[in-house]
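There are 2 protein chains.
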Amino acid sequence: MLVLASIVLLPVLLPLAATENSVKSADTMSKGAFNDLDKLSMGHVKENSLRLWAFVIATYWVSFVAYYLLWKAYNHVSDLRAAALMSPKVRAEQFALVVRDIPPPPQGQTRKEQVDSYFQTIYPDTFYRSMVVTNNKEVNTIWEELEGYKKKLARAEAIYAEEKHEGIRPTNKIGFLGLIGKKVDSIEYYSEKINELIPKLEAEQKATLKEKQQPSALVFFFSRATAASAAQSLHAQMVDTWTVMDAPEPRQLIWTNLPTKFYERQIRQSVVYVIVALTIIFYMIPIGLISAFTTLTNLQKLLPFLKPIINFITIKTVLEAYLPQIALIIFLALLPKFLLFLSKVEGIPSQSHVERAASGKYFYFTVFNVFLGVTLGGTLFDSLKTIEKNPNFIVSLLAESLPSNATFFLTYVALRFFVGYGLELSRIVPLIIYHLKRKYVCKTEAELKEAWSPGDLGFATRIPSDMLIITIVLCYSVIAPIIIPFGVLYFGLGWLVLRNQVLKVYVPSYESYGRMWPHINRRIVAALLLYQVTTFGYFGIKKFYYAPILIPLPILSLIFSLVCRKKFYHFFQTTALDVACREFKETPNMEMVFRSFIPPSLTASDRAEEDQFDDALSQVSRSASFA
Amino acid sequence: MLVLASIVLLPVLLPLAATENSVKSADTMSKGAFNDLDKLSMGHVKENSLRLWAFVIATYWVSFVAYYLLWKAYNHVSDLRAAALMSPKVRAEQFALVVRDIPPPPQGQTRKEQVDSYFQTIYPDTFYRSMVVTNNKEVNTIWEELEGYKKKLARAEAIYAEEKHEGIRPTNKIGFLGLIGKKVDSIEYYSEKINELIPKLEAEQKATLKEKQQPSALVFFFSRATAASAAQSLHAQMVDTWTVMDAPEPRQLIWTNLPTKFYERQIRQSVVYVIVALTIIFYMIPIGLISAFTTLTNLQKLLPFLKPIINFITIKTVLEAYLPQIALIIFLALLPKFLLFLSKVEGIPSQSHVERAASGKYFYFTVFNVFLGVTLGGTLFDSLKTIEKNPNFIVSLLAESLPSNATFFLTYVALRFFVGYGLELSRIVPLIIYHLKRKYVCKTEAELKEAWSPGDLGFATRIPSDMLIITIVLCYSVIAPIIIPFGVLYFGLGWLVLRNQVLKVYVPSYESYGRMWPHINRRIVAALLLYQVTTFGYFGIKKFYYAPILIPLPILSLIFSLVCRKKFYHFFQTTALDVACREFKETPNMEMVFRSFIPPSLTASDRAEEDQFDDALSQVSRSASFA
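As given, the protein sequences belong to chains A and B, one line each in that order. With the working numbering, the residue at position 588 of the first sequence is 588, and numbering never jumps. With the working numbering, the residue at position 265 of the second sequence is 1265, and numbering never jumps.
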C-alpha cells in the first residue's frame, strides 16, 4: 500500500519540478488549450536542466515499484493456484491425461486395447481406464437436431398450456424458416420427429464409437499425483508419438482438436503466426491514417464545411477529445473473434489455452497498432521522410511523439473507465435484451434461464485492453505524470467493479487455475521495457548528458523477467507433484470422473454406453451413485 | 551403401565436368605446383558456364545424402539408446534421482528427515530411501592421504620382498619430496602413519555426515519407471526449489557440483559463455597471423636466411605442406583442458555432460578459428581493407578464399589420418611409457595395472576434431571434390581403427547412453549449413545466374534440424517411460543400488556407515549379499 501511495504522489511531485521551471520557458505555454497538460509534464523542463534528475529518479522509482508489485503478485497467484490444485474436492481433470499422436494399432488389436495395454504396462497400479477420442461430427449433428426438436416441443407445449382455455393447438409451417410449406400441428410434428431421430442417434452413436476412433485418447488414473507426473513425462522413444498433456476440464476440452497430428499442429501454428504478423503490420496503416486525419485541425483543413460546427466550443471539445477514440474502439471490437478463430485453428485442445493465445495476439496487436500507431501516427505525415532516410531514427521519433499524444491517451483512459465501467456495472444492455426476450421470445423456463445467463468474463479481449492501459500509463508515468491518477482511477474502479462482476455476476465457463497470470506478467514487463526505452529516448531529446544512467533499467527488466520465468513459470505450465499429492476428503468416485468426460452427444442413450464404455479394466465397484 | 558409393563417385564425375573445360582456360594452369588441384575443382570452370549445373546438382545431391544418412543414424542411435536403457540388467543410476536446491529444513527436522518425508508423501509406494549430499572436501583429503600411505606401504613391502636376500629394509626421508629430512624405515613409518590416520578419518567421516550436509540429495526408488518419471516432473510450487534431474552413473557423478545453488548455476553458466565467446573471438587473431605468415613465400620474405634451405625441393614440399598444420595442431592441443575446466565450473553434476559441454565449445572454437580463421586468414592481409569497408562482404570473401585453401585442408586431413591413426592404432607412446614405468617406477601389482590402463576415449577432444574434418570435407565436397576420397579414407579408417580401439583397448570411464549423438547431429547440420552458404557464395563469384536455385537448401537444413529435434531429442534428454517400464531378470538388489552411490571416502570404515545410512525407511531385507 505504501509503495502504491508513493506512485500516486508522483503526479504531485514531478509537476512541482516541472512547473517551477515553467516560468522561465513561457514559449511552450502558447501551444493551445489542450497543451495545458504540458505545464505539468516533462515537456516543460528546459533542455539539459538539472531538474531532469528528478525525472531520472522517478523513472527508477516507477520501475522498482513495478518489479516489487509484480513479484508479490506472481507469488500470490502462484499460492492461489497451489491452493486450488491441492483442494480436497475431487476435480475430474486432475485424474485425466490427454494422449495424442497414438501410432496405428498393431494387427488384431483395437485402438482401445492398444491404449489400455500401453498404459497398463507403464502404470500397473494406478491406471484406471481409457476413453478413445472419436470423430463426433455426425453424431453431434443428429444430437443437436434432436435437442432442437426437444426444445421446440417443450415450447409448443408451453404455448398450448398457456392458451388451453382457448383450445387452440399451436401449429407451424415445415418449409424454409417456418414461413412457407404445409401447416402442421406442432406438438404432434415434433414428437414424431423426435421418435424418428432417437433410433438414428443410437445407430450413429454405435457407429461412431466403433468405426470413428481417432489416434487420440483420454487416460484416467486412480491418483492425481500420477496423472500430474504422467502429463510431464515423455512416454515413447519417438517424441512425436504418444504425446501427452494434462487434461483440461471436460467443459473446455476442444474435442475436435484432439486428433490433430503432431507436425500438422506445428505447421498450423507457423502459418497462424505468419497471418497474425501480417495482420499486425498491415492494420497499422489504417489506424495511422485515422489518427492523423481525426485531429481537428486536420479535419478543418480537409472538410472545410465542418468549420461552423467545430468552432462551437462544447462540440469542439467533445469532438477533439472523443472522436478518434470512438473510431479506435469500434475498430478494435472487430478483431477478437478473428484472433480466437486463428488460435483455435492452431490445434490447441483447451478453450482456456485458445483464449490465452488469442489474448497474446491481441495484446501485440493493440500495443503495436494503438500505442505505437497513434503515437507515431500523429507525427507520421511530418516525419515520413526522416524514417525513410534513417530507420534507426524510429526510437527517438517515438520518444519525441510521446508528449504530443499525452492528451489523446489521457482521454482514452478516461473514456474507458467512464463509459466502460458504467456499462459494465449497470449491465444496461443485457438487461434490456433480457426483458425484450422475456416479453416476446421466451416461453419455457429453460429459455428464460438461458436469456438471463450473464455468460463469461471474456478474458481474450478484456485482458489485452487492460494491458494496453497499463502500457499507456507506464509510458507516460514520468513524461506526463498527470496520467497516473487516471490510471489509478481506472484500475481502482476496475478492481471494485470487476471484483463484484466476477464474484456475483459472470459465470466462468472454465477454470484454468491461474494460467493466465504468467501471460499478464510477461506483458506488463514488456510494457515496462517499452516505457524504459521510450523514456530513455525522451531524455536523449532533452539533451540530458546523464541519460545513459537509465541504460541499466531495460537490462534489469530482462533479468527480472528471466528470474520470474525461472522461479514461477514451470508451475503454471504443469502441476507440481507436492501440490498434487495432497489427500482428498473422500475416496474419489472414478466412475463419475470418467463419465464427466463423455461428450453429451454420446451420453444421451443408455444402451450406447453399455456397448462402449463398460469394457474398461474397472477395479471400482459400479454400485456408486450412477445407474 | 549405394548412397555412400554415389558420394564417392563425385570426385570422379565432377572433375570430368571441370577438366574437359580446362583446355580452354589454360591461364589457370600456371599458378604453381600446388594449384594442380585446381584442375580437378570447380575453380577451373569458366564463369557462368553451363557446366556449373553439374555442380548445382552435386550440391543438392550431397545435401540430400547427408539428410538421409543423418536421419538413419539418429534413428539407429535412438534405438541403441532405448535398447541399453531397457536392458534387464540392473543399473544403479536408473533407480536414482538427483535432487538439488532443497530449501532449509523446518525447525526440529534434520535434512535427511526432511528429504525422506517429502518424497515419502509424493511416492508412498515406490520411494526407497535417500542419501543427503555432504561436503566431503576434508574427508576426501584425509582419505587420499591414507590411500597414498597405503600405496607407499605396499610399495615398500614389495621392495623389501624383492631384496629380502640382501636383508636391507627400505628407507625414505620424511622432508620435502622425500629428498631431505630424517631417514626412517619405510614400512614402519607408513604403518604408523596409517594407524594414525584411520581414527582421524573415522572421526571426520562422522563429522561430515552429521554436520556437513548440503542442500542436495540422491533419492532412490524401487522402480525405474518411477525414477524416470520423477526426473521429468516438477516437484515444488517454486520452480527454483527441489529441482530434480536423472542421476548420472555413480562413477561420473561430480559430487562437488551437486550443492551449487540454482541462480548461482545460471550466473556461472552466463559468465562461462561470455569467457568462451571471448576466447573464440580473440584466438582468431593469432591463428590468422600464423597461417598468413607460414606460407612459404611469406616466410622467405620475412626470414631471408631460410632461403637456401627452402629452395631444397624435398624440404620445401614438406615444409610447405606440413609446417602450418603442425603449428595448428600443437596450438589446438592446449585448449581442451581449459574448456573442460570451464564446463565443470558451470555447475554441471555429471562428467559426461561436462564433456559434452566442453566438446560443444571446442567445436565452435575449431570451426571459427581453424576453418574460418585459416580460410580467411590466407587472404586476410589482402582483404583487410575490403572487410573494413563492407562487413557483409565476409560471406563472398569466404567463398572466394575457399579454393585457395583447398590444399591446406587436404594436407590437414591427410596428416590427421596418417599420423593420427598411426599413433592411435600402434599406441606407441603409451607402450614406451608403460615399459619405462615398469622398469623404473612400478613395484607392486596395482601400480603395474595402473600404468597399463589405457584410459578413456576422450570424447571432449576427439569428437570436435572429427566434426572439424566433416566440416572441411563438406565445404570442399563440391568446390574441390578431390577432398572426398581423403574424407572417405579418414572416416573409413577411423571406423576400422576406432571400432577396434573402443571395443578392445579403451576402458570407458562412464556411460551416457548415447547422449552425445544429438550434439554430433546438430553440429553436422551446422557444418552442412556452412557448406550450403559458402557454396552458394562461390556460385555467386562464378557469376552463375541461376545460383539462387540453391537458396532453398539452407532453409531445408533448418527445417531438417528442427524436425530431428522434435522427433528424437527429448528422448535423449530423459528416459521415455515405455522404455523404463521393462522388467528385470531378477529383483533389483536395492541395497547394492544405494551403496554404489556412496563415495569411496565415506565407505572405508564400516562403523560410519552404520551411523549414517542405516536409518532409512528400508523395506527390503538386509540379508542380501552385503554384510
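Keep in mind that the hints were calculated from the coordinates and are not lab data. Glycine included, every Cβ here is placed at the ideal spot set by N, Cα and C. Don't take every hint at face value.
To be verified - To spell it out: a stretch of chain A is covered by chain B in this simulated footprint if at least three of its residues, at any positions, have a beta carbon under 8 angstroms from a beta carbon of chain B; those stretches are: (1) 48-55; (2) 235-247.
Stated by the list, open to error - With the Cβ distance kept under 10 angstroms, some of the chain B side facing chain A (calculated, not the full set): (3) L1085; (4) Y1118; (5) D1125; (6) A1230; (7) Q1266; (8) Y1545; (9) F1568.
Here's how the hints hold up against the structure:
1. 48-55: The restraint on the segment 48-55 of chain A is violated, since only 0 of its residues have a Cβ under 8 angstroms from chain B and three are required.
2. 235-247: Per the Cβ count (7), the hint holds.
3. L1085: This hint holds: L1085 (chain B) lies near chain A, its Cβ roughly 9 angstroms from the closest one there, short of 10 angstroms.
4. Y1118: Given a least distance of 7 angstroms, the restraint on Y1118 (chain B) holds.
5. D1125: holds, 7 angstroms
6. A1230: holds, 7 angstroms
7. Q1266: holds, 7 angstroms
8. Y1545: Interface hint status for Y1545 (chain B): violated (30 angstroms vs cutoff 10 angstroms).
9. F1568: holds, 6 angstroms
Of the numbered hints given earlier, the model fails hints 1 and 8; all others are met.
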